[in-house]
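> Sequence:
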Amino acid sequence: MTDKGNDLSSMSMMDLFRQEAESHCAALSDNLLSLERKPTDPEVLASLMRAAHSIKGAARIVDLPVVVELAHAMEDVFVAAQDGKLVLGREDIDLLLQGMDMLDGIGRVAEDKMTAWLAGQSTAINTLVADFKTLAAGGGKKSAAGKEAPPDIRTVPPPSPAPEKKTARQSPADLSSMSMMDLFRQEAESHCATLSDNLLSLERKPTDPEVLASLMRAAHSIKGAARIVDLPVVVELAHAMEDVFVAAQKGDILLGRDHIDILLKGVDLLTDLARQDENEAIAWLKGREKAIASLVTACKSISTGQEVAAASPPPPQPREQVKIKPEMPPPEEAKAVDRALRVSAEGMNRLMGFAGEVQVESRWLPAFAHKVLKLKRRQDDVYRRLNSYLDKVRASAPAAEGLSNNDLHDLLARMDICRSLVNEYQAEIEDHARRATEISHHLYHEVIANRMRPFADGIRGFPRMVRDLARELGKEVEFEIIGSDTLVDRDILDKIEAPLNHLLRNAIDHGVESPPERLRAGKPEKALIRLEARHSAGMLNIVVSDDGYGIDIEKLRRKVIDKKMIDEEMARDLRETELLDFLFLPNFSTRDTVSKVSGRGVGLDVVHSAVHEVRGLVRISTKPGAGTTFEMQLPLTLSVMRSLLVEICDEVYAFPLVAIDHVIRVQGEIKEVEGRQYVTF
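In the numbering used here, the protein residues as written are 1 to 681.
These are calculated hints, taken from the structure and not from any lab test.
Since the structure is predicted, the reported quantities are computational estimates derived from the model, not experimental observations.
Treat the hints with care, as some may be off.
As the list claims (entries may be wrong) - The calculated label-pair distances, taken between Cβ atoms and stated as ranges, are:
#1 453 / 232: 19 to 25 Å
#2 619 / 645: 48 to 54 Å
#3 257 / 525: 40 to 46 Å
#4 85 / 586: 53 to 59 Å
#5 657 / 276: 55 to 61 Å
#6 207 / 619: 54 to 60 Å
#7 482 / 642: 56 to 62 Å
Quick reminder that beta carbons are idealized off the backbone N, C-alpha and C, glycines included.
Please build the complete structure, drawing on both the sequences and the hints.
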């Protein structure tokens with residue numbers, strides 16, 4: 001995503017909605033795939049429910065009732081699964097993934113085309129809503145999917161559902177005139193009312209699952225709204241309260257009166273915040289940071305099952321805070337400072353360019369210092385010669401040729417001063433060069449770190465793609481990702497997405513066997529495809545491997561001969577690595593038939609071209625019957641090319657490290673044999 005400004009005020013409401021939708025759709029996709037392996041995992045179900053609920057809240061803010069209804073229907077399915085009313089199977093997850101795709105598609109539509117796009121998709125959305133309602137009620141997927149949706153669902157009703165009318169104080173036309181803080185206060189007031197009512201109900205029914213679910217959703221919604229308007233203190237408080245409700249849902253704790261008192265104090269504080277004027281809200285929060293920190297600590301103690309006595313004393317501290325407000329900032333303030341800021345991509349690229357130039361220019365300082373050192377050595381030599389000459393003159397002719405000893409002594413004294421100055425300047429230059437190199441190193445790496453993104457950011461769609469393609473081809477595949485937290489330059493991450501997609505599709509299509517073939521070969525029924533990212537020797541290594549057929553080298557050799565790329569005699573002499581390089585040629589494929597996935601000879605050609613575009617290398621290794629491995633070696637960043645500097649005849653040459661296999665030291669002597677030059681090593 002390219003940011004258009006460096007603060008939230010420059011983003012439209014729809015921009016913020018799309019940002020939220022993209023984030024939560026990624027969470028939906030990842031957790032739905034996890035749910036296939038663990039269909040009753042309470043943490044996965046809770047994450048799914050929270051993601052759907054957050055999308056619903058964001059859609060309500062930008063007045064998209066169709067999206068609200070779709071997200072709400074999906075949320076009901078997850079709540080039903082949490083309550084044990086249904087167990088989600090493969091077909092159910094397929095249906096939910098369709099809903100996730102629809103939400104993801106909505107998040108990618110331009111603001112000025114949103115209304116028309118939603119109108120065109122209304123039938124599909126209504127059908128999904130009907131399917132989800134049937135599923136949440138305990139019915140199967142086909143009960144609603146196989147027939148038209150009822151008339152009351154086919155036409156999306158313009159008003160929001162009754163419980164959500166509280167938040168709609170202004171008409172849709174007025175939303176554009178509301179500030180972000182106005183919208184936050186509106187959301188907070190509505191959800192605080194829900195929290196207050198349900199906390200009172202909880203005193204009578206401390207284990208009621210519906211009440212706990214409602215409390216958890218309300219706290220989660222406040223957390224999401226606070227994050228949008230950049231109120232980290234409120235985010236932390238709402239998150240701590242949400243954790244309490246989640247722990248109660250799991251049965252880890254039982255909320256008593258003392259616990260509810262503390263939670264109500266948190267609700268009171270959030271309610272008071274919602275009543276503050278926009279211009280005073282930030283100052284109001286700063287004056288209560290210590291009180292909020294005490295409430296957060298108390299909520300954390302409750303959620304971890306500690307005694308209330310350990311958690312209850314902190315809340316009364318707001319009175320102290322009012323008295324000494326100007327004196328001591330809370331210790332948590334340091335944590336709040338370290339938060340993400342929006343920076344324009346253009347500005348970051350300029351900063352990156354400057355950092356690269358500083359990195360390169362600073363490398364000339366040591367070379368300059370070396371030149372001064374050479375000058376110093378020459379001067380030392382002159383000084384020694386002059387001193388020797390003076391000794392001879394003293395011995396042979398004390399006042400020869402009209403040159404007095406005083407003149408020679410004066411000349412020698414001047415040379416001595418020059419030597420001292422050169423030594424002083426040499427030390428200063430070396431010190432400056434050392435500091436400049438160190439500073440440029442820190443600057444460069446700090447900027448690099450700001451450009452870096454986790455490897456997981458660029459491969460979010462791969463688990464879903466692997467799952468869907470494997471099912472389509474009738475194969476069982478376990479997809480393992482190693483190094484998802486490995487940091488990768490964003491430009492490189494964008495450029496390697498297509499190559500990785502090709503490699504994974506190839507691995508699924510003709511890299512791994514079908515379940516019956518694997519069983520006959522004595523392998524587990526489920527194939528393993530592994531994607532790994534790691535830093536090694538100043539480079540980024542990305543490895544795609546499978547445990548499938550492997551590549552038949554002799555079949556590949558015959559294919560090369562049949563295509564008349566080389567003659568049979570030359571083919572016999574080729575090593576395995578040289579033969580495997582033919583796979584990267586355009587229009588070359590080992591497949592005899594073309595499928596919609598592979599066989600056209602373009603996949604590995606695309607991989608090779610894309611990797612070389614970023615100045616990288618790609619290698620293949622294989623073992624028949626055990627699988628194939630593709631390893632991509634890429635630079636950590638495209639801004640600066642790491643190189644080996646070599647001085648030849650007083651000229652400095654740079655050789656890219658990626659192009660160097662190894663370095664050897666040879667003797668300076670050059671030999672000639674039959675007119676050709678040789679060196680020995």
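> Taking the numbered hints from earlier one at a time, note which ones the structure violates and give those numbers from smallest to largest.
2, 3 and 7
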